[in-house]
Amino acid sequence: MSDIATTTDAELMEGPAFVRGQPLAPLPPPIKEGGAVGWMRKNLFSGVLNIALTIVCAALIVWIVPPLIKFLVIDAVWNGSGRADCLQQPGQPEIGACWAYVFDKISFFTYGFYPIGERWRVDVFFALLTIGVGWMAWLNAPRRDICMIYFFIVLPAASLILLLGWPPIGLPKVATTQWGGVLVTVVVASVGIVFSLPIGIVLALGRRSKMPAVRLFSVMFIEFVRGVPLITVLFMASVMLPLFVPDTWSPDKLLRALVGVSLFAAAYMAEVVRAGLQAIPKGQFEGAMAVGLGYWQTMRFIVLPQALKITIPNIVNTTIGLFKDTTLVFIVGIFDFLMTVEAGRGDPAWATPVTSTTGYAFAAIFYLVFCYGMSRYARFVEARLAAGDRR
Amino acid sequence: MAAVEPTRPKAPLIYNPQACSIAYQVLLCAAIVFLAWSAIHNAAENLARAKIASGFGFWDNTAGFDISQTLIQYATTSSYGRAFWVGLINTLLVAALGIVLATILGFLIGIARLSKNWLLSRMASFYVETIRNIPLLLQLLFWYNAVLKALPGIRESLAIPGGGFLNNRGLFLPQPIFESGSGIALVALAAGIAASIAYAVWAKRRQMATGRQAPVLWVGLGLMVVMPLAVLALSGFPVTFNYPEAGRFNIRGGIEILPEFMALLFGLSIYTAAFIAEVVRAGITSVVKGQTEAAYSLGLRPGATLRLVVIPQAMRVIIPPLTSQYLNITKNSTLAVAIGYPDLVQIFAGTVLNQTGQAVEVIVITMAVYLTISLVTSGLMNLYNRRISLVER
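Going line by line, the protein sequences match chains A and B.
Residue numbering for the first sequence follows our numbering, beginning at 1 and increasing consecutively.
Residue numbering for the second sequence follows our numbering, beginning at 1 and increasing consecutively.
These are calculated hints, taken from the structure and not from any lab test.
The beta-carbon is built from N, C-alpha and C at its ideal position, and this holds for glycine as well.
Any given hint could turn out to be false.
[As the list claims (entries may be wrong)] Cβ-Cβ distance ranges computed for the label pairs, FRET-style:
(1) B/F56 <-> A/F224: 17 to 23 Å
(2) B/N168 <-> A/A275: 44 to 50 Å
(3) B/V288 <-> A/A275: 19 to 25 Å
With these hints in hand, go ahead and build the complete structure from the sequences.
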């Protein structure tokens, strides 16, 4: 109407070129946006490229997943007592994973050559460790201060007595050469954590120290260790360490590897902690100084609690790396979990074409479960810490 | 005022921070010197007792062992020093190829993880989560023992189109033999590379001056690929191939690629690609959306936006962690020792150490090599970082 009102009389006389007499037919409703179909249109089939990608991906999944499930589950042999059960026979033309082999070897994979009568000690150790880890990981747990003492002092001492044995209290000695399997993997990983974190904190503080000599040694150690592969550190620990100590000491083979792994992990921990220290604003140091705290008091009460809190996700990530790196002790001849899997491959009682693959699949699932669990935990902590900073 | 100062009580030296700091440092130095001295003393004593020679005299002694993959001239009569270089070159070869493959795969997967296609991004993240959480050593053993060593033997070799063979002894490919006259193609290739660099510089200058763009990519491809091929064709294709021939017990001729090498290369590339994918993803998501929107509002098309706006900014975030992944490939290539690929550690810290017994010297040399590679790379990285980091006010 307003259009007509502003047009001139002459235009009015001629009239508008076209006036629709009837309302338009309503447009068809938009193609479904919501629901499963709409979701698929949006996320899978929007545009030629997207359709092509979807088809390629689907083809890849069809190519990989069904054979994998067939191998791991459908054709797998679950019960059996020897290689004959996992060989191709008229009754079973296709053979999948030979899980019977894994079930048969599971105690070897867990304990290595630990004396059978003493294996309950390993189980107790696993239980104690689970309590410690659970207590540490549960952020709202009661008395987390006791937990620290438990984890860093009580647990190592108890484990040492349990695993190595202490004749006066009736636990016969078990040489570390008899340890193996998951036990060694867990021992190497937890010793690595228990030692690398404190050493790493000290190195990180040293690297940020004002004293030139302290800083120089810290930087040299960190950069040296981070610049060389873990294998060379392990080689160094296993062949050079015995040379550097008096002849009478002749350190245990496992101990040498533990020293190597701990020092290696400490250098990486140091960098993670340093990143946390750098994130603490200068005002915190100045505030601590203003209330008259000394260096160690500042660190203990003000800086480290904040710095370590924000680095928990990175510490967990470094732990995952350490857990995966424990497999490398295999190269200096220590019977960790992967080494037992590798040794089990050669057992003539189970020699079949699928034995190797089954062993590796089992090992892969083991590491995957632990590492993925840890990385989920890191992400959970990260989200929880971020919640505090959200406005 | 002056009268007040002398009355200030004299604090004991232990409360003087400067004195304390000096005391701490002297103590630390003394402790380290003592540790080093006792280590050296013990080592000398232990070595003397075990009657092991010391010093680097073994370097020129005859090695006496064979190496399965040698890129430079090497025989059992060569020296330990020569074996060292063979190992170093093998390490660098697998590291360099691994870096190329892992970068390509990692970038593809990192970008796929950000794809709008749900299926693709899910698959990419599944790849990353799975591969990252399985130890590299396990993956290497799997590739080597369960895949490559499980291939059929020589008699049932799988034929590869183009005249190659694949069996449990490795991959055998035709070897190109450049006859006389093929040198001219090499000259053409060098000239093409030089010309395309010159063209790129000129095009950049012209674009800066006039804003006109030049088809650098196509001209470069033409100069570097088409021209040498054309020269080769014109000179009558003086290249023949030495095809591998399957005998009864072995395969003669052609290039032999060891299964150990393939397993290490696959394992390293696939493993590191998962980490590179995460680095790439983090880099691209670090570029805020406003940058893309601003580029669109200036009228840039999606391709140009990605190339000129997003990627240059993402690279600033990507490159430092990418370099440390490259260093990780180099360091992780030492896992070769588990599957028997003759890299530096396997040859030098393995065989040479066992033969000579000179643990200290051998380990020091091996570590020095990796340390040098790491320090040089991180030094270059810091230089680069300084160049590209944001200039802040």
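Outcome of the hint check:
1. B/F56 <-> A/F224: 17 to 23 Å: Between B/F56 and A/F224, where Cβ atoms are some 21 Å apart, the hint holds.
2. B/N168 <-> A/A275: 44 to 50 Å: 47 Å, holds
3. B/V288 <-> A/A275: 19 to 25 Å: 23 Å, holds
Checked against the numbered hints above, the structure breaks none of them.
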